[in-house]
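Visitor: Take these sequences, add in the hints, and give me the full structure.
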Amino acid sequence: MKRLLILGGGTAGTMAANRLRKRLDRAEWEITVVDQNEAHVYQPGNLFVPFGIYEPNDLVKPRRRFLPEGVELVLGEIDRVEPEDNRVVLADERVLAYDYLIIATGTSPRPDQTPGMLGPQWRKSIHEFYTLEGATALADTLADWQGGRMVVHIVDMPIKCPVAPLEFTFLADAFFTERAMRDRVELVFVTPLDGAFTKPIASKHLGGILEERGVSLESDFMVERIDADAKTLVSFDEREVPFDLLVTIPLNMGADYVARSGLGDDLNYVPVDKQTLLAKGYDNIFALGDASDIPTSKAGSVAHFSIELFEDNFISHIHGRPMTKLFDGHANCFIESGHGKGMLIDFNYDTEPLPGKYPLPGFGPFSLLRESEANHWGKMTFRWVYWNLLLTGKEMPFEPLMSMAGKEVEVHA
Amino acid sequence: MTTATINGSEVHVDAEGFLTDYDEWTEELAQVLAANIGIELTDEHWDVIRFLREDFPRQGETATIRRTSTVGGFDTKRLFVLFPKKPAKKMAYIAGLPKPRGCV
Numbered sequence: 045m046k047r048l049l050i051l052g053g054g055t056a057g058t059m060a061a062n063r064l065r066k067r068l069d070r071a072e073w074e075i076t077v078v079d080q081n082e083a084h085v086y087q088p089g090n091l092f093v094p095f096g097i098y099e100p101n102d103l104v105k106p107r108r109r110f111l112p113e114g115v116e117l118v119l120g121e122i123d124r125v126e127p128e129d130n131r132v133v134l135a136d137e138r139v140l141a142y143d144y145l146i147i148a149t150g151t152s153p154r155p156d157q158t159p160g161m162l163g164p165q166w167r168k169s170i171h172e173f174y175t176l177e178g179a180t181a182l183a184d185t186l187a188d189w190q191g192g193r194m195v196v197h198i199v200d201m202p203i204k205c206p207v208a209p210l211e212f213t214f215l216a217d218a219f220f221t222e223r224a225m226r227d228r229v230e231l232v233f234v235t236p237l238d239g240a241f242t243k244p245i246a247s248k249h250l251g252g253i254l255e256e257r258g259v260s261l262e263s264d265f266m267v268e269r270i271d272a273d274a275k276t277l278v279s280f281d282e283r284e285v286p287f288d289l290l291v292t293i294p295l296n297m298g299a300d301y302v303a304r305s306g307l308g309d310d311l312n313y314v315p316v317d318k319q320t321l322l323a324k325g326y327d328n329i330f331a332l333g334d335a336s337d338i339p340t341s342k343a344g345s346v347a348h349f350s351i352e353l354f355e356d357n358f359i360s361h362i363h364g365r366p367m368t369k370l371f372d373g374h375a376n377c378f379i380e381s382g383h384g385k386g387m388l389i390d391f392n393y394d395t396e397p398l399p400g401k402y403p404l405p406g407f408g409p410f411s412l413l414r415e416s417e418a419n420h421w422g423k424m425t426f427r428w429v430y431w432n433l434l435l436t437g438k439e440m441p442f443e444p445l446m447s448m449a450g451k452e453v454e455v456h457a
Numbered sequence: 019m020t021t022a023t024i025n026g027s028e029v030h031v032d033a034e035g036f037l038t039d040y041d042e043w044t045e046e047l048a049q050v051l052a053a054n055i056g057i058e059l060t061d062e063h064w065d066v067i068r069f070l071r072e073d074f075p076r077q078g079e080t081a082t083i084r085r086t087s088t089v090g091g092f093d094t095k096r097l098f099v100l101f102p103k104k105p106a107k108k109m110a111y112i113a114g115l116p117k118p119r120g121c122v
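Quick note, the sequences are listed as chains A and B, same order. Be aware that the first sequence starts at 45, since it is given in the numbering used here, and climbs by one per residue. Be aware that the second sequence starts at 19, since it is given in the numbering used here, and climbs by one per residue.
Everything labelled a hint here was simulated from the structure, so no lab data went into it. There may be inaccurate statements among the hints.
Simulated pairs of lysine-lysine, BS3-like, Cα-Cα distance not exceeding 25 Å [what the hints assert, rightly or not]:
#, chain 1, residue 1, chain 2, residue 2
1, A, Lys204, A, Lys248
2, B, Lys95, A, Lys275
3, B, Lys104, A, Lys248
4, A, Lys318, A, Lys275
5, B, Lys103, B, Lys117
6, A, Lys318, A, Lys243
7, A, Lys401, A, Lys385
8, A, Lys248, B, Lys103
9, B, Lys117, A, Lys66
10, B, Lys117, B, Lys104
11, A, Lys243, B, Lys107
12, B, Lys104, A, Lys401
13, B, Lys95, A, Lys324
14, A, Lys46, A, Lys66
15, A, Lys324, A, Lys105
16, B, Lys117, A, Lys324
17, A, Lys243, A, Lys451
18, A, Lys401, A, Lys248
19, A, Lys66, A, Lys204
20, A, Lys324, B, Lys104
21, B, Lys117, A, Lys275
22, A, Lys168, A, Lys204
23, A, Lys438, A, Lys66
24, B, Lys95, A, Lys248
25, A, Lys275, B, Lys107
26, A, Lys324, A, Lys46
27, A, Lys385, A, Lys451
28, A, Lys401, B, Lys117
29, B, Lys108, B, Lys95
30, B, Lys103, A, Lys438
31, A, Lys243, B, Lys104
32, A, Lys318, B, Lys117
33, B, Lys107, A, Lys318
34, B, Lys107, A, Lys248
35, A, Lys324, A, Lys369
36, B, Lys117, B, Lys95
37, A, Lys385, A, Lys248
38, A, Lys369, A, Lys46
Fair warning: this is a prediction, and the values are worked out from it, not measured in the lab.
Guide: Encoded structure:
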């Protein structure tokens, strides 16, 4: 009996377990998933919790419900991987041997990495919304906030769902407008990037929306520390940004056990071949989803498209055949822009987000890089799609590799 | 992709003037690139540039500020003094390496 061990039962680990259970002979292969708890959180929903659009209870379901029969779920904290011996040791000393290992433990916000972030003001005037606890605490603060200077801040890239800080800002603008208190709120967006977003064309479109909504942009800001008493962000080049309410996106890092096992880079991400997701230097370890160092968004969409291809590659690989379904970094993300509208971006390793229509050229129904109500409804429907289609590997009407059809390419003279 | 003549030699550059061929870089060229953005190279600058040059072939990409600090051992605050405002971009430009990737 061979064992495939999957570390992490989130979006990537659950999708991989479902797809591979259908492909691997049950008489020959065991599949085991390890996670530290039973709660599967629909993470894209965290964005909406601070504004009371979703309740925390709407976003959590038991992990086991999304794992098929024939997949064992082990609950426990991972202490380390011992790749030389093909085994994983849990914190309580349990040992799990494997023939093949998938690392899918994602990335997490690390407020401990910025001096002054954790302290008496944490979850009072200094908030984050990337965890359900954080998003819930922020909802409580926003419910009776009287206004002032709200600073939305990114510590460093890469972060999980890189459009979420912008979406949060758009939704905050809409939230304060609806509560007739927008004139009492100053909104500031602080980023280590040189514009609103990472890629030039999307950055221009999104930066334009910030401006329209009266949000000021503080770019090239690398935070050194937070002075919680003075309620000020201080950068390495000694610029200061004061706040009344800070919503920060802490440094994102892969799991600490990855570093302890000697499998990670300086942010605990597993270096992999970006087309096959096979860990560099190993023949039986893959990293899926946010846990790897592939140069694209850390997003469920990337996990989804890459795992559709990985499924075939894995079967080829265990039979000693070359992996031929090469991933191109394809992803798409809905961007909620407030007031019942949204945008959509579609991109890969080489093509930045462009305006146009998706998935059908000229028709859509979704508009790329432009606001529309259809995009908003796409985003709101996605929660159902996630639980009912995506995790369990049912057919979706989107192709894993990116297509240029429907995209508007500006021709430079 | 275009070429530019810097200091009498023809090199390949991208739209923003970053060198695109690792092997076309020389130390003399670095002096000129630094001067283009108003930086006079001291020994302290050179330590950083040499780290970036050595790190690139190993990693296949330009070191970020964080990597320059955690792996290279340079103080982040000093990097902002040596390469004011946009150290990641300026370091890469002088070292003849691609602009550090902005992850989408």
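Visitor: Decide, hint by hint, whether the structure agrees.
Guide: Hint-by-hint comparison with the structure:
Annotation: proposed proximity of A/Lys204 to A/Lys248 holds, straight-line Cα distance about 21 Å (limit 25 Å). Proximity of B/Lys95 to A/Lys275 is assessed by CA-CA distance (about 21 Å); at most 25 Å being required, the pair is judged to hold. Straight-line distance between C-alpha atoms of B/Lys104 and A/Lys248 comes to about 19 Å, which keeps the hinted pair within the 25 Å bound. At most 25 Å may separate the alpha-carbon atoms for a hinted pair to count; A/Lys318 and A/Lys275 exceed this at roughly 41 Å.
Taken as a hint, the B/Lys103 and B/Lys117 pair is honoured in the structure, with Cα atoms around 15 Å apart against an allowance of 25 Å. Between the alpha carbons of A/Lys318 and A/Lys243 the distance comes to roughly 19 Å, so the proposed pair stays at or under 25 Å and holds. A C-alpha spacing of about 16 Å is found between A/Lys401 and A/Lys385, which places the hinted pair at or below 25 Å, so the restraint holds. The straight-line distance between the Cα atoms of A/Lys248 and B/Lys103 is roughly 21 Å, inside the 25 Å bound, and the hint therefore holds.
Simply put, B/Lys117 and A/Lys66 have alpha-carbon atoms about 43 Å apart, too far for the 25 Å limit, and the pair is violated. Pair hint B/Lys117 plus B/Lys104 holds up; C-alpha atoms about 11 Å apart against a cutoff of 25 Å. At most 25 Å may separate the alpha-carbon atoms for a hinted pair to count; A/Lys243 and B/Lys107 meet this at roughly 15 Å. Between B/Lys104 and A/Lys401 the CA atoms are separated by roughly 35 Å; this puts the pair beyond 25 Å, and the hint is violated.
Under the criterion of a C-alpha separation no larger than 25 Å, the hint pairing B/Lys95 with A/Lys324 is inconsistent with the structure, at around 33 Å. Note on A/Lys46 and A/Lys66: the hinted pairing holds, with a Cα-Cα distance of about 15 Å set against a maximum of 25 Å. Between A/Lys324 and A/Lys105 the alpha-carbon distance is near 34 Å, which puts this suggested pair outside the 25 Å criterion. Proximity of B/Lys117 to A/Lys324 is assessed by CA-CA distance (about 24 Å); at most 25 Å being required, the pair is judged to hold.
In summary, the hint linking A/Lys243 to A/Lys451 is supported, as the alpha carbons are separated by about 16 Å, within the 25 Å threshold. With a C-alpha separation of about 18 Å, the suggested pairing of A/Lys401 with A/Lys248 holds against the 25 Å cut-off. Of the pairs offered as hints, the one joining A/Lys66 and A/Lys204 is violated, with about 29 Å between alpha carbons and a cut-off of 25 Å exceeded. Proximity of A/Lys324 to B/Lys104 is assessed by CA-CA distance (about 31 Å); at most 25 Å being required, the pair is judged violated.
Restraint check: the Cα-Cα separation between B/Lys117 and A/Lys275 comes to about 33 Å, which exceeds 25 Å; the hinted pair is violated. The straight-line distance between the Cα atoms of A/Lys168 and A/Lys204 is roughly 23 Å, inside the 25 Å bound, and the hint therefore holds. Of the pairs offered as hints, the one joining A/Lys438 and A/Lys66 holds, with about 12 Å between alpha carbons and a cut-off of 25 Å not exceeded. As the CA atoms of B/Lys95 and A/Lys248 are separated by approximately 30 Å, the hinted pair breaks the 25 Å bound.
Straight-line distance between C-alpha atoms of A/Lys275 and B/Lys107 comes to about 29 Å, which puts the hinted pair past the 25 Å bound. For a cut-off of 25 Å, the pair hint linking A/Lys324 to A/Lys46 stands: about 22 Å separates their Cα positions. Between A/Lys385 and A/Lys451 the alpha-carbon distance is near 20 Å, which keeps this suggested pair within the 25 Å criterion. About 30 Å separates the Cα atoms of A/Lys401 and B/Lys117, which puts this hinted pair outside 25 Å; it is violated.
The hinted pair formed by B/Lys108 and B/Lys95 meets the criterion: a straight-line CA distance of about 15 Å does not exceed 25 Å. For the given pair, B/Lys103 sits about 48 Å from A/Lys438 by alpha-carbon distance, which is inconsistent with the 25 Å threshold. Taken as a hint, the A/Lys243 and B/Lys104 pair is honoured in the structure, with Cα atoms around 17 Å apart against an allowance of 25 Å. Simply put, A/Lys318 and B/Lys117 have alpha-carbon atoms about 19 Å apart, close enough for the 25 Å limit, and the pair holds.
Taken as a hint, the B/Lys107 and A/Lys318 pair is honoured in the structure, with Cα atoms around 24 Å apart against an allowance of 25 Å. Our distance criterion of 25 Å between C-alpha atoms is met by B/Lys107 and A/Lys248, whose separation comes to about 19 Å. The hinted pair formed by A/Lys324 and A/Lys369 meets the criterion: a straight-line CA distance of about 18 Å does not exceed 25 Å. Pair hint B/Lys117 plus B/Lys95 holds up; C-alpha atoms about 20 Å apart against a cutoff of 25 Å.
Distance check on the hinted pair: A/Lys385 and A/Lys248 sit about 19 Å apart at the alpha-carbon level, within 25 Å; holds. Under the criterion of a C-alpha separation no larger than 25 Å, the hint pairing A/Lys369 with A/Lys46 is consistent with the structure, at around 24 Å.
Violated hints, in rising order: 4, 9, 12, 13, 15, 19, 20, 21, 24, 25, 28 and 30; the structure is consistent with all others.
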